[in-house]
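Peer 1: Quick mapping for you: the protein sequence lines, in order, are chains A, B, C and D.
Be aware that the first sequence starts at 245, since it is given in the numbering used here, and climbs by one per residue.
Be aware that the second sequence starts at 245, since it is given in the numbering used here, and climbs by one per residue.
Be aware that the third sequence starts at 245, since it is given in the numbering used here, and climbs by one per residue.
Be aware that the fourth sequence starts at 245, since it is given in the numbering used here, and climbs by one per residue.
Hints listed in this document are in silico derivations from the structure and should not be mistaken for laboratory results.
Keep in mind that a hint or two might mislead.
Heads up, the list lumps identical chains together, so a pair's fine if it works in one copy or across two of them.
Stated by the list, open to error - Below are the SDA-like pairs computed for lysine to any residue, each with C-alpha atoms no more than 20 Å apart in a straight line: (1) Lys289 x Asp382; (2) Lys391 x Ala272; (3) Lys246 x Ala499; (4) Lys483 x Ala386; (5) Lys289 x Glu328; (6) Lys289 x Pro422; (7) Lys289 x Ala387; (8) Lys391 x Gly438; (9) Lys246 x Gln493; (10) Lys391 x Arg498; (11) Lys275 x Thr360; (12) Lys378 x Leu482; (13) Lys312 x Arg359; (14) Lys362 x Val273.
This structure is a prediction, so every number in the text was calculated from the model and none was measured.
Chain residues, written in single-letter form:
4 protein chains.
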Amino acid sequence: PKNFFLIAGPCVVESEANVFEIGAHLAAVCKRLSIPLVLKASYRKANRTSASSFTGHGDTFGLGVLQKAGVHFGLPVTTDIHSEAEADAAAGYVDILQIPAFLCRQTELLNAAARTGKIVNVKKGQFLSGPSMKFAADKIRAAGNDKVILTERGTTFGYQDLVVDYRNIPWMQESGAPVVMDVTHSLQQPNQAGGVTGGNPQLIGTIAKAAIAAGANGLFIETHPDPACALSDGANMLKLDLLEGLLEQLVRLRAAVVGG
Amino acid sequence: PKNFFLIAGPCVVESEANVFEIGAHLAAVCKRLSIPLVLKASYRKANRTSASSFTGHGDTFGLGVLQKAGVHFGLPVTTDIHSEAEADAAAGYVDILQIPAFLCRQTELLNAAARTGKIVNVKKGQFLSGPSMKFAADKIRAAGNDKVILTERGTTFGYQDLVVDYRNIPWMQESGAPVVMDVTHSLQQPNQAGGVTGGNPQLIGTIAKAAIAAGANGLFIETHPDPACALSDGANMLKLDLLEGLLEQLVRLRAAVVGG
Amino acid sequence: PKNFFLIAGPCVVESEANVFEIGAHLAAVCKRLSIPLVLKASYRKANRTSASSFTGHGDTFGLGVLQKAGVHFGLPVTTDIHSEAEADAAAGYVDILQIPAFLCRQTELLNAAARTGKIVNVKKGQFLSGPSMKFAADKIRAAGNDKVILTERGTTFGYQDLVVDYRNIPWMQESGAPVVMDVTHSLQQPNQAGGVTGGNPQLIGTIAKAAIAAGANGLFIETHPDPACALSDGANMLKLDLLEGLLEQLVRLRAAVVGG
Amino acid sequence: PKNFFLIAGPCVVESEANVFEIGAHLAAVCKRLSIPLVLKASYRKANRTSASSFTGHGDTFGLGVLQKAGVHFGLPVTTDIHSEAEADAAAGYVDILQIPAFLCRQTELLNAAARTGKIVNVKKGQFLSGPSMKFAADKIRAAGNDKVILTERGTTFGYQDLVVDYRNIPWMQESGAPVVMDVTHSLQQPNQAGGVTGGNPQLIGTIAKAAIAAGANGLFIETHPDPACALSDGANMLKLDLLEGLLEQLVRLRAAVVGG
């Protein structure tokens, strides 16, 4: 397809109402703009900086809400997993299994995700180069699954900042996998003194536009009707009612990139 | 103006014929594509890694060739300077004085450049953040000259690589100055064992397209009919006959960015 | 104790004979130099870059060899774990559970390790600052276990290099935990094109001496009689017969650091 | 000589009384501890972040004070220079010419410093690797002067931090030049929003001790009786009355390093 695809939704399943509100808005906007959409939410946050942060409402609840929303809106859905056991459990509910950046080198997790037969989306570790991600793609293919997506989400740049290296888009595409730019997490400001990751949401447009220009196949954007009240990652989520205007720009840009 | 502007030319004045060959090609292409063009070449290379590298044919020669080409093609011209004395000398020949990245914090050089009344283009040091470049712009304005351009050219990322942080484009624009992406030097691979800086010319398009998408006002691209034989920076210059195709794409992208 | 302690051994359990050969040598040298010793080996390599690298001989075999060597030499032993299930299994065999750097943010793994009641040694992620490691220590303490060690092993510095930031030694000590310098993995050269991590073993002495001077409580050094033939991490292990001379220097340095 | 040498003094010549107070204290302490001492102060600050920062009292004044103090205390003296003209001027007053880190690649400045016949101390640029500094040493030697010192002062690590890579000590020593650790500037926190560089003076001891352990030939420490009132670099200077205790520790450490 000529257009880019979009993986979007709230950071975490806060409630069924919240997922359905966001899903309805996203489905309508993406249909109008001919953007293939995947609905995303985490059902469990396993790697919060601090043990006192919110981690989810229980696995079955979150996965069930996500599946129900996918059926309701006719959309594929995705979530992130953190162990071999979660791979099998989540595969009963979602279409794409996302491997978190910190875990992209855990061979057994990649194998378990691959064996489910679902699409596997591996996020590039903050400590890895783009070209090295071909070894992650190779592990999944060696396990008999060639449905791999690779996602850029920034690289360690000093302690309290990430930098997006756009060279990683063509470099990861050399693996043969489509490449997604995770706009939300690329803007994280890690290692803050208070144990809560910071952000720069006013730069969401810059990161997304540069990604489309550099040839990204998809974008990942977390969004919420009221980021300031979100239970996780509020510092970087895009306010839901700002998404449509941004996507219009990006569709126009994409058309210019692919030519014709 | 709606289009981006282009600063382009060979890395160093190799000969009058070479500058005129490149200038003629650039002038024709940019006229056709309505891209405002500034012709660029260095007349002296003052900071080569190794003392045995080529540094130029003599100041008067190089400056004279550049001025002559500017007059011939009806183009503004630019070159880089390295000392207060050079600021005054070069100002007699060129329209824009470029401050090298390594020297962007040298107050007296900035002041001397500012006092010539010429446009001053300060390249961001590899060790500076985008927001810090406002202090460079402020120094020039405090010296009575508000014709400032700021140029992104990559940031230190380990020892043998640079990374382009596209957040620096909006961050530097907050200073009020137009921002240029130096595509050529952003791709340098510094600190190579042999004392000659390396490069990645196949990524020129990626760097340039992301810059236009992120809102850069101008691009800086060194070009040469035969980069492999160039006397400096051959590892990163774009082959002259590849420029037109790239610029066509960039013009289309720019139109999508500015909308309308 | 006034002296530093040493965690040492081969990268992976290659065979019982190999572990006993290394253990015998280490035990004799450390006894002579009054260095408290912990014998270390991995029984499973879960995060090799490439799926074709050696990952171990089976969990029970490796853990059994390690336990047997600990009993034989009268030494505490340690190994690294990668999942909640491994935490419980390994705790039956070893005295210290080591959390790999990539996994230092996985809350459930930290909790599972903590609940075993064993000492938990968390390696600082290449993407984390020293001060942020207090959140890892806090997670373990919140799970009811205050026997925490934190280990420095280098921080992402461009794609193909790590840098050791010695400020992390006092910064991590502010958490109240003893701090170990992992000399071996600090020298890794990640993201190499061939999928095999490189190294700089000639710098082992520099890294270790600076750590003792900066006040590290312990050192972690992988060693092998013939690193070139080792089944993992051969690029960075210290040749076994070079260890004694280095430790003599380090003991002298430690005495000068603690004074008296 | 078996001991390390020390380059120390205030950041900038504030007044004759200030330089003599600091010089008297340093001379007495270093004599007692058998540390070869070089008295340092800048007479002009040419690269302050912001144009509104203090830059000095005039060249002749500062150089004269420094020379007078050197004669009075029987000490060699050093200052930093920023142009070819300054090289010749300062050489009439001081024994060692220091090349600032930002300027370490300016070939004509290195040549001018070399031609004075004075010792030339080149600080490693924040954007250079240790091994690359051999090209700076080679430039000076090629100009007929083999009295070269190289100084480590930290490397760009994100935008607002520097990291000291202790591998650079042996790597720069491979050039044949003695290597100094600039403890003061290694702790800078550049690119602060307010345009004034920050610091971490409580880490001075950690940086200095690790440097001696890693084999540094000399240390560079700026010191002031009242850093909070200093006219430049107050954020990183060591309080004068804390220096003696630190040097005692360092002398003990050095003895342990060189053995015997």
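Peer 1: Any hints from earlier that this structure breaks? Give me their numbers in increasing order, please.
Peer 2: 2, 4, 6, 8, 10, 11, 12, 13, 14
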